[in-house]
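Once you've looked at the hints, dock chain B with the ligands against the given chain A.
Protein chains: 2
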Amino acid sequence: SIQREQWLNISHCTKDHLSTDLISGKLPVDFLYSFTCLVCAHLLSDPLQLPCGHLFCRSCIQKYTCVVGSHCPACKLPCDPSALISPDKAFLSALYSLPLLCPREGCGEQVRLESFHKHIKDHDLRVTDKEIQLSEINNNLLASKGG
Amino acid sequence: SIQREQWLNISHCTKDHLSTDLISGKLPVDFLYSFTCLVCAHLLSDPLQLPCGHLFCRSCIQKYTCVVGSHCPACKLPCDPSALISPDKAFLSALYSLPLLCPREGCGEQVRLESFHKHIKDHDLRVTDKEIQLSEINNNLLASKGG
Ligand SMILES: [Zn+2]
Ligand SMILES: [Zn+2]
Ligand SMILES: [Zn+2]
Ligand SMILES: [Zn+2]
Ligand SMILES: [Zn+2]
Ligand SMILES: [Zn+2]
Ligand SMILES: [Zn+2]
Ligand SMILES: [Zn+2]
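If you read the protein sequences in the order shown, they are chains A and B. Counting from 1, position 48 in the first sequence corresponds to residue 42 in our numbering; the numbering is continuous, with no gaps. Counting from 1, position 17 in the second sequence corresponds to residue 11 in our numbering; the numbering is continuous, with no gaps.
Okay, chain A solo, but in the shape it has when bound (with noise of 0.2 Å):
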């Protein structure tokens, strides 16, 4: 939606935050959408909570209410920034549950989201280990020619 792009023009979060396309498995559409941030439609992080109950990444409502205004941005309940709380840690558990299919080519792996930035991360130390070897036998070779 146009509202939907002007919000992602304010959070500038496509880099930093994950899409419900990771999501792996066939979600009911509810449970999926409880976990989406209601201003930038990506999986929620480091999300905070409003007094009416509805959820936010924290870099997202900070600056929503910065840039637009301190009402909720779903259903427009004035809200005061020193209101927002952590979500229920029955609700935090379901979050870091959820399993993501990794995007890696070849790897096709399902990580819990929890452990999502730990698997991608081992991903490129495994890329620079490779980088690494093939320097080594590029310099052994460079060294056996010239010796």
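Treat each hint with caution, since some may be false.
No distinction is drawn between identical chains; accordingly, a pair holds when it is met within one copy or between any pair of copies.
Below, simulated BS3-like cross-link-like pairs (lysine-lysine); rule was C-alpha separation at most 25 Å, straight line [as the list claims (entries may be wrong)]:
id: 1; residue 1: Lys20; residue 2: Lys70
id: 2; residue 1: Lys20; residue 2: Lys83
id: 3; residue 1: Lys112; residue 2: Lys83
id: 4; residue 1: Lys70; residue 2: Lys57
Quick caveat, the hints were computed from the structure, so don't treat them as lab data. Remember, it's a predicted structure, so these values are computed and weren't measured experimentally.
Quick look at chain B with the ligands alone, frame taken from chain A:
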């Protein structure tokens, strides 16, 4: 709503299903909503999922399709009752972990949904135990008076 009251007349489930009022703590509204049956608005009991991703109690969707017709009560998409599937285990695990507050007077314990029926049954057994103990005391009193 009038529609919901009509559906409750179809499902007749108020004695069997649990009210969302039992939920302990202030869960995010959309998260709570994702655990309610879209026919009876109780906490989902033995949930089934339609291909559109909407959820219902097994008994509710079976009665609904039988009485009202073969479409999703929420989005009206036509549906074949044989297309009903069990929801993803990530969803079921979140449902069964929901924290409920025991409504028995003087208890106030927080119980996970998966243990709720056993917890209530234990209350009833304890009441039966007390009744047995009381009747034994009465019998003893009568015996000692008679003897
Ligand atoms: Zn975002
Ligand atoms: Zn967001
Ligand atoms: Zn709100
Ligand atoms: Zn991977
Ligand atoms: Zn019901
Ligand atoms: Zn129901
Ligand atoms: Zn539907
Ligand atoms: Zn109890």
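Tested hints:
With identical chains, the CA atoms of Lys20 and Lys70 are at most 25 Å apart between copies only, with a shortest distance of 19 Å across copies and 31 Å within one. Taking the shortest Cα distances, Lys20 and Lys83 sit within 25 Å of each other both inside one copy (24 Å) and across copies (10 Å). Both within a single protomer and between protomers do Lys112 and Lys83 lie at most 25 Å apart by alpha-carbon distance, with minima of 22 Å and 23 Å respectively. For the homomeric pair Lys70 and Lys57, the shortest alpha-carbon distance inside one copy (16 Å) is at most 25 Å, but the shortest distance between copies (38 Å) is not.
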